[in-house]
Amino acid sequence: MIPEGMHDVLPPETAELRAIENALCRRFAAYGYGEVRTPWLEFAETLEAAQDDTLEAGYRLYDQQGHELMLRTDMTVPVARLAASRYRDKPLPLRFFYVAPSIRPWAPQRSQDGEFEQAGAELLGLSSVTADAECVTLLCDALSGLGLEGFRVALGTVAFYTALVDALGLPADDRETFLEALAGKDYPLLESIADNAEADEAALKALWRTLELSGTRDGLTQARKLATSDAMEDAIQHLVEVRDLVDDAGFGDAVTFDFGLFQDLTYYSGVIFEAYAPGVGLPIASGGRYDGLLERFEWDIPGVGFAISLDRLHDALEEAGAAPAAAPACLTFVGGLEHPEQATELRRAGWAVCALREGAVPKARPWLVREGNSYRLELAEGRAVAGSWKDVLRALESA
Amino acid sequence: MRLGVATADGGAPAGLVDVLEAAGLPGEVLRAAPTASLVIAGDTTWVPAAGADVLAGCMRGALDAGIVGKDLLLEEEPDVYELLDLGVCRDAIVYAMPRGMTPGRSRSRPRVATPYPRVARRHFGATGRQVEAIAFGAAALAPALGIAEGVLDLRSRVELAPLDLEVREEVATVSLRLVAGRAAHTLRAPELAALLERLRPSLEGI
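Protein chains in written order, with our numbering: chain A, 1 to 399; chain B, 1 to 206.
To be clear, the hints were calculated from the coordinates, so they are not data collected in a lab. Treat the hints with care, since some could be wrong.
To be verified - Far from chain B, some chain A residues (derived; all Cβ distances over 10 Å):
{"no.": "1", "residue": "Phe116"}
{"no.": "2", "residue": "Lys185"}
{"no.": "3", "residue": "Asp186"}
{"no.": "4", "residue": "Tyr187"}
{"no.": "5", "residue": "Leu189"}
{"no.": "6", "residue": "Glu191"}
{"no.": "7", "residue": "Thr256"}
{"no.": "8", "residue": "Val280"}
{"no.": "9", "residue": "Leu282"}
{"no.": "10", "residue": "Leu356"}
{"no.": "11", "residue": "Ser388"}
{"no.": "12", "residue": "Leu393"}
Stated by the list, open to error - Not everything, but these chain B residues come out facing chain A in the computed CB check (under 8 Å):
{"no.": "13", "residue": "Gly27"}
{"no.": "14", "residue": "Val29"}
{"no.": "15", "residue": "Gly61"}
{"no.": "16", "residue": "Glu82"}
{"no.": "17", "residue": "Leu154"}
{"no.": "18", "residue": "Arg182"}
We put the beta carbon where it would ideally sit given N, CA and C, even for glycine.
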């Protein structure tokens with residue numbers, strides 16, 4: 001009935017997702033971010049400017065003039081396009097957020113849906129460590145504001161590994177394969193490339209050690225000792241400063257380090273981070289710095305941002321028993337369809353009212369049944385009131 | 001911590017049992033454990049299961065780590081981290097044909113029976129050849145059954161084939177690997193580091 005990889009969302013789940021979206025929007029707004037919407041369709045050329053591998057298999061179509069169009073595969077690139085085309089003469093920095101679905105080809109073996117909704121924030125025009133820290137803080141704040149416990153944000157940097165891999169002295173071809181294996185965390189493959197290419201022993205040792213240090217408490221201090229170049233020192237120093245600022249903001253406990261963090265989105269350039277929560281196998285959010293991206297739209301300003309996967313966040317909240325409270329119960333009003341004035345009166349008093357025909361059988365409490373000019377109200381099992389309309393209003397007011 | 005182990009009918013493979021025992025882990029218990037069961041040892045729950053289930057468990061966050069064959073990793077390309085080559089159950093995925101057969105004489109697109117259709121498509125595609133990859137579990141039987149001319153399967157299975165099969169190409173070497181789910185890699189980092197620490201020395205000399 002619907003294409004593979006697509007799915008419907010029914011009322012109970014939609015209500016929970018909406019509550020999550022609303023809570024996230026409030027958090028984003030509290031940091032001065034403004035909500036944007038961008039079109040589903042962009043010129044293929046626009047999205048391709050990001051040179052992101054995941055685009056290869058995106059959905060494409062043609063408009064009546066023969067332009068090649070593409071369904072957006074994420075929101076970061078459209079927001080960059082929006083900023084570069086609409087905000088060039090505006091003062092920096094710019095802060096945007098969005099809650100929107102995107103579409104990528106369905107990949108069931110990687111448990112990736114075709115259509116997926118993300119809530120994300122982008123901070124454009126600041127290259128400082130403080131901007132990185134604000135993004136990580138906002139992510140932590142948004143997640144903990146929803147009552148999610150036990151989540152961790154793993155912090156890494158593209159710079160550290162590029163420097164470390166440079167130190168290995170690999171030939172260009174091997175370097176490429178090596179970085180790919182690093183991204184996929186295929187350690188045995190890394191080992192065999194390094195062996196075959198006779199990589200620098202000391203640098204290789206440092207690489208294994210830092211991969212092992214990921215996620216451990218004192219990993220950062222240890223990694224510092226292993227730094228063999230200024231570039232590596234700087235990269236670590238940058239992470240330390242980000243962590244300290246996030247700590248000052250009150251979210252230091254959630255931050256850990258992952259020196260092997262390396263994402264397949266090619267536009268990331270500096271700090272990268274991923275959020276994980278117990279019971280959910282894949283990251284519930286990911287983000288990072290993408291300083292070269294805006295330049296592809298001929299506006300050379302830096303940027304940093306992240307996106308939260310709504311579905312995975314929802315799973316994580318369920319797992320943690322912190323799914324948002326269901327909306328207040330709806331009052332079923334039998335006879336309400338014939339007497340809309342009374343249904344309206346109840347709604348004005350703050351009740352959600354589901355009106356049914358006279359004579360219908362109500363299914364879920366609370367319910368109100370009109371029979372002629374008398375009423376029967378049952379708020380819960382064993383809590384019933386019978387009488388006039390006035391009696392009903394009084395009972396509902398005190399309920 | 002929850003650890004999945006890919007097992008077949010006969011429980012965990014012998015080579016793996018030795019590696020686990022040498023690392024002070026409950027290998028013997030797993031030798032006899034039926035597939036799709038729970039084995040609780042200390043603070044670790046071992047889950048012997050089909051390889052694909054181990055991967056699904058890791059990706060869904062139900063398992064923290066797992067032990068599966070590289071052949072499955074090549075076929076499924078799952079979103080997990082591959083941490084360690086356990087060096088046991090070493091084998092190779094090979095392309096074989098009945099001895100003396102000339103490929104592609106009568107067919108412009110040879111039929112290749114394989115339990116690894118994706119690996120086959122990738123391998124032949126990368127070398128510019130067209131084949132019809134036929135998903136077939138007992139691939140080594142396929143030529144005898146007239147299903148296909150070629151076989152792409154593990155060397156150990158090809159060697160057991162009733163028809164005399166000749167290995168023409170080696171596609172990839174495989175062995176058992178320790179993999180971890182992406183979430184576990186962050187949320188269970190200290191436990192995973194400890195597990196690696198225990199397993200590494202027991203691999204020396206294999």
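To see whether the hints hold, each was checked on the structure:
With a cut of 10 Å on Cβ distances, Phe116 (chain A) stays outside the contact zone with chain B, its closest approach being about 14 Å. Residue-level check failed: Lys185 (chain A) sits 4 Å from the nearest beta carbon of chain B, not beyond 10 Å. With a least CB separation of 5 Å from chain B, Asp186 (chain A) falls inside the 10 Å interface cut-off, contrary to its annotation. Residue placement check: Tyr187 (chain A) does not keep its beta carbon more than 10 Å from all beta carbons of chain B (closest about 6 Å).
Separation of Leu189 (chain A) from chain B is inadequate, the least Cβ-Cβ distance of about 8 Å not exceeding the 10 Å criterion. A Cβ of chain B approaches the Cβ of Glu191 (chain A) within 10 Å, the least distance being about 8 Å, so the stated non-interface status is violated. For Thr256 (chain A), the condition that its CB be more than 10 Å from all CB atoms of chain B is violated, with the nearest at approximately 6 Å. Look at Val280 (chain A): its CB is around 5 Å from the nearest CB on chain B, not clear of 10 Å, so calling it non-interface is violated.
Interface exclusion of Leu282 (chain A) from chain B breaks down, the closest Cβ pair being 6 Å apart, not more than 10 Å. The Cβ of Leu356 (chain A) lies farther than 10 Å from every Cβ of chain B, with a closest approach of about 41 Å, so its non-interface assignment holds. In this structure Ser388 (chain A) is separated from chain B by more than 10 Å, as the shortest Cβ-Cβ distance comes to about 56 Å. Residue placement check: Leu393 (chain A) keeps its beta carbon more than 10 Å from all beta carbons of chain B (closest about 50 Å).
About 21 Å separates the beta-carbon of Gly27 (chain B) from the nearest beta-carbon of chain A, more than 8 Å, and the hint is not met. Checking Val29 (chain B) against chain A by beta carbon gives a least distance of about 26 Å; that is not within 8 Å, so the hint is violated. Taking 8 Å as the C-beta contact cut-off toward chain A, the hint placing Gly61 (chain B) at the interface holds, the least distance being around 3 Å. For Glu82 (chain B), the suggested interface contact is upheld, since its CB lies about 5 Å from the closest CB of chain A, less than 8 Å.
Because the closest C-beta pair between Leu154 (chain B) and chain A is about 18 Å apart, greater than 8 Å, the hint is violated. The beta carbon of Arg182 (chain B) comes within 6 Å of a beta carbon in chain A, closer than 8 Å, and the hint placing it at the interface holds.
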